[in-house]
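Undergrad: Spelled out, the chains give:
Protein chains: 2
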Amino acid sequence: MNSASYKSWLQYDAIKDVKKQDKLAEWCQNIALYDQSLQVKSAKEELVRGLTSIVGIKPQISNSVNHAIVLSTRETLPKEAIHIEAQRLEDLNDEGFIIESDLQTKSVYLVGNSPTGVLYAVFRFLRDIQRDQEIHSFNVIDRPRNQIRMMNQWDNMDGSIERGYAGQSIFYKDNEFRKDLERVKDYARLLASVGINAISINNVNVFEVETHLITKRFLPDVAEVADVFRAYGIKTFLSINYASPIQIGNLATADPLDEQVKAWWKAKAQEIYDFIPDFGGFVVKADSEHRPGPFSYGRDHADGSNMLAEALEPFNGIVIWRCFVYNCLQDWRDRKTDRARAAYDHFKKLDGQFRENVVLQIKNGPMDFQVREPVSPLFGAMEQTNQVLEFQVTQEYTGQQKDLCYLVPLWKEVLDFNTFANGGNASVKSIIDGSLYDNKYSGIAAVSNIGDDENWTGHTLAQANLYGYGRLIWDPELSSEQIADEWIRLTFGEDRQVNDSVYPMLLHSWSIYENYTAPLGIGWMVNPNHHYGPNIDGYEYSVWGTYHFADWQGIGVDRTVKSGTGYAGQYFSPNAKMYESIESCPDELILFFHHVPYTHRLKSGETVIQHIYNTHFKGVEQVEELISTWEKVKGRIDGERYHNVRERLDMQLSNAKEWRDMVNTYFYRKSGITDEKKRTIY
Amino acid sequence: MNSASYKSWLQYDAIKDVKKQDKLAEWCQNIALYDQSLQVKSAKEELVRGLTSIVGIKPQISNSVNHAIVLSTRETLPKEAIHIEAQRLEDLNDEGFIIESDLQTKSVYLVGNSPTGVLYAVFRFLRDIQRDQEIHSFNVIDRPRNQIRMMNQWDNMDGSIERGYAGQSIFYKDNEFRKDLERVKDYARLLASVGINAISINNVNVFEVETHLITKRFLPDVAEVADVFRAYGIKTFLSINYASPIQIGNLATADPLDEQVKAWWKAKAQEIYDFIPDFGGFVVKADSEHRPGPFSYGRDHADGSNMLAEALEPFNGIVIWRCFVYNCLQDWRDRKTDRARAAYDHFKKLDGQFRENVVLQIKNGPMDFQVREPVSPLFGAMEQTNQVLEFQVTQEYTGQQKDLCYLVPLWKEVLDFNTFANGGNASVKSIIDGSLYDNKYSGIAAVSNIGDDENWTGHTLAQANLYGYGRLIWDPELSSEQIADEWIRLTFGEDRQVNDSVYPMLLHSWSIYENYTAPLGIGWMVNPNHHYGPNIDGYEYSVWGTYHFADWQGIGVDRTVKSGTGYAGQYFSPNAKMYESIESCPDELILFFHHVPYTHRLKSGETVIQHIYNTHFKGVEQVEELISTWEKVKGRIDGERYHNVRERLDMQLSNAKEWRDMVNTYFYRKSGITDEKKRTIY
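Going down the list, the protein sequences come from chains E and Z. Taking the UniProt record's numbering, the leading residue of the first sequence gets 1, the next gets one more, and so forth. Taking the UniProt record's numbering, the leading residue of the second sequence gets 1, the next gets one more, and so forth.
Honestly, I wouldn't trust all of these hints.
Chain copies aren't distinguished; within one or between two, either way the pair holds.
To be verified - In the DSS-like style, the derived pairs of lysine-lysine whose C-alpha atoms are separated by at most 30 Å in a straight line are:
#1 336 x 677
#2 41 x 657
#3 106 x 41
#4 562 x 678
#5 19 x 634
#6 336 x 678
#7 262 x 577
#8 106 x 20
Calculated from the structure, these hints are not laboratory results. Fair warning: this is a prediction, and the values are worked out from it, not measured in the lab.
Construct all of the structure, not just a fragment, from the sequences and the given hints.
TA: Below, the structure is given as structure tokens:
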């Protein structure tokens, strides 16, 4: 657990510049602690670890602010710190902090509005001194923009991880909790370092064994895990099985309006909070993909979630209710039903009916984490309902951590998208940070990409997605470029040449992946079940509602109001109009909204078919470039990480070629239109 | 185990005609036994069981031939039987028999050339008295036309059955042999009743546990099973793992030319025969679909099989070596490699190099048990090599015992096919009965369709395939109609109305299944792995060498010598010429041999595309007719079997509709050609 792979962005490489190191040593001799809470203890531990490694001396714990890194909450600040502008913290939320250098005492004050704020300040401090920040001139004020910053583990207790591509679960093995929680603690460090403050520790699909997580059999274990996360400012949640009252409660029903069911959940909540007083609450996948839910009893999602919320309310717990609800037994012959419409159709009408501690969790797009989708029209559509956005850090449809795909640019597009809700300028980020509608609860959740592989994420460069997710939702104004630069330097050190290689690799990777996979927003075309690799008709004649309708003339789904499924009309004006018209619909989503002939000319000037051929040939060439770019870091980083990435890039190249040839062949065989450039199509 | 479902065609229904019953009672009062061997004991047991049930009286064992059914081998015939024309048996093989009535003594003589011959005579006798045969006028002489009449169980020791559609294994459970062999005995009865004389009791894919079947751990169990089968004239074989010397012998190699390996197999053979003195030998799938084989050591199939044959030779054991060898990691882009060529290309050149006790087992077609394939060109192509034909009774690609598909007509087409080997009239049946080239060993094997479902075969009507397989390979001159009629009457009794329903259902079923599935000999178009239900491109971009090459203009595989893979040239003249030319190639195989435009006009007058539409609409209508035909038997047979078939027909209808719509939609979307009759295509 001491390899560079494992340490990821918490390398804490020693500063090589002797002058800088001396200066740091002078300032960082001591740590002065003015708070004894758990999270500040973690902060101190991390600071000791970081400084010892970066500066090369182990700081002492001191009672004086002189030559010290001062850790304190605003309330516990010592008198000597009277000149520190701590009043600025008043404008910040609970988790905000300031970092301020004091030239006179050669001290740096890390002051948080809460112990967790102090912890965040330490991670920020360590990050900054490894890069360009001079120790004597800290003047930082920072706070997270989003309230709930959550990680969803899709871990099963048998050790498997649904859509996991980096080994087995770090939490479970053989249907028990792992005994050794050291790795969970390191995961908590990684998460806290980028500001994650909530985690659900089991798969949203809750099966037999996991249903028992909320029973005495496992609650002591859950409490132990919660202890680990608590010390890093992270609240623990559980995914629950909606049919629990039947499966473990011996009731005949799970009807949310049944008094016995209500009483059962209330008692259950009490029991959970007896073990974990600051338990976060429940994550619920109900009436979705064969999971049980209120529909079985003729109740709706408001009935279903409110009942749970009522049970959690006395303990300040919340219910995070997923909106990923659609008909997964669709008839492919039926071109009227549109899965993309489902979340909006199910939930929009329930606006205003949810309790205050219910939060709807909405996937970023209307389908399912495709490489390209429009933003879900549900964002902003429910003025009176708490909303959390759901991203997927794990690369289910985006290369499964075999293929490189830095997802921050995708997420930024979502966050920056103007929904035009509330009559005007209403970006997604302003909705899910709670500011537009002044929500009590709001924020962002994401499916984790880690497992017990040495490097956490299978593909070393996929660490950047975990890092980037945390950083971006802390501050959605950060650019993809900034985040990439930060991550590379923290991960591989201050080697210009490494940065020059990895930086463009990350930043181009999403577009490269899109180039060689499903074109122009149509999505899917993957192998069923495992979702890796091309299978153009893989979901075409299936029950999943995911069709491309390619025929000899054209391709795409007509989702217009005028002649299609009407999905485009779920957006606020002028987005609805933009998507409705072929002329104004952006190229990259043209096949998501319109069925067009292969000869349709895109705004780029290319026809659809020629665009397909061009991007697919280009995508493979770009992967070849990724490989030659990566070769430049050879010898400049450790062999383990070099080889890991090289191996993955080789897999990516082979995958990209399969995609190129299958997609091109498929469309050539269907359309009969030859490639203008006469390249090889089989 | 006493249900009508379970008893299948050994119902032994009581004769309802009182006069006939009285007469039978008069003749069948006694059984006179003139041989005490195992098989004659089984024969007597069966006769007691049969007569007790059919005639309603339990026959006594007697020392006199008067009023008796006399069971005897030719050698042990008593003097009183001097007038019986037993010399006719001289012209028959070991398993032949006569049945002769003696009006004077009111006896029937069942005389075999061997004890097993007597057993076969009893089954024939019981079959005949249930139908139209008068007891006083038996004058039967019969013998099996094929020497090896084998059943291959694809059972795994965990209880699963590869390509099994009728429950779990009757042999194994939880990686052990089942303790109770009662069901195995009833299976032996069923097999012996139709003349099967050999069985391999484990899957040709030999995995971890099954590799140990040839060790002391399991040989006592194998011996017990062999005891059961022996009593019914059936020899037991085992499928072996070619890498056994490594996996269980602690050798470093399985190279067939290695002296240690040879010695190991010789010792192993000795060990097996110590347990089972009449052990049949080995069935071997080597260098096929990732199974180990001689290729790993740079040896060929002759080297590989001869080494095993040498080990078995002292015990009269044989090696049945499967020819299902092909490249299963093909590149779909490569249109030169042709899986259909593989068996011929691999084996033809080895003719003359195999030992006398090696038998090659050749699947009926060059691909893999599709609903329509040409006959394998390997039949007749190896004059100096023993050949066994392999059929598949289990309905892997023919409806998986959910869909009705009576396979006897398919098998008959294969057996009757004139290969034109040896310069003239050389039907497949004359090759695999050993007569054309006077082979030492020859015959037919087939993959079984039974499991531990109450009715053995999942679909009650699929019992007809097991029955029909045995009857047809006993006498390839029997017609599909005769066999169907026999099976229906033995299974459901002498109800004209039941016969009038089931008979056409069976006889049309293959054509119906072909109508709604892959058209015109192209095959596949199934879901990968499990192989049930339509997936037109399911194997199109795969490694399996099973492509249809459909594009906007046409479909089919060019296997001509002139412009294609050359496969057509593997046949003897004039077959080679017939397949080579689009004009002479039969319609039903046109897409197997030729890539043709959708507008190509078939001999039927239809275009290819209109043929596809027509057959697919028709196929569904025909399944609807099957259901209404089956409804006519309601109340005329037991509810269990009625409901079983009805349920399966409902599944078939739903499957047929999926096939119809997916195939039609696929080709409409690809070709853009509308249905002449304007029926619904999605």
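Undergrad: Cα distance capped at 30 Å. Does residue 106 pair with residue 41 within a copy, between copies, both, or neither?
TA: within (23 Å within a copy, 106 Å between copies)
Undergrad: Cα distance capped at 30 Å. Does residue 336 pair with residue 678 within a copy, between copies, both, or neither?
TA: Intra 38 Å, inter 21 Å, cutoff 30 Å: inter-copy only.
Undergrad: Cα distance capped at 30 Å. Does residue 262 pair with residue 577 within a copy, between copies, both, or neither?
TA: Neither: 45 Å inside a copy, 79 Å across copies.
Undergrad: Are the CA atoms of residue 41 and residue 657 at most 30 Å apart within a copy, between copies, both, or neither?
TA: For residue 41 and residue 657, neither the intra-copy (51 Å) nor the inter-copy (67 Å) Cα distance is at most 30 Å.
Undergrad: Could you figure out if residue 106 and residue 20 sit no more than 30 Å apart (CA to CA) within one copy, between two copies, both or neither?
TA: within (15 Å within a copy, 119 Å between copies)
Undergrad: Within a copy, between copies, both or neither: where do residue 562 and residue 678 come within 30 Å Cα-Cα?
TA: between (38 Å within a copy, 27 Å between copies)
Undergrad: First find the shortest C-alpha distance between residue 336 and residue 677 inside one copy, then the shortest across copies, and answer within, between, both or neither for a cut-off of 30 Å.
TA: between (38 Å within a copy, 25 Å between copies)
Undergrad: Is it within a copy, between copies, both, or neither that the alpha carbon of residue 19 lies no farther than 30 Å from that of residue 634?
TA: So residue 19 and residue 634 pass the 30 Å test inside one copy only (29 Å; across, 97 Å).
In summary, the numbered hints that this structure violates are 2, 7.
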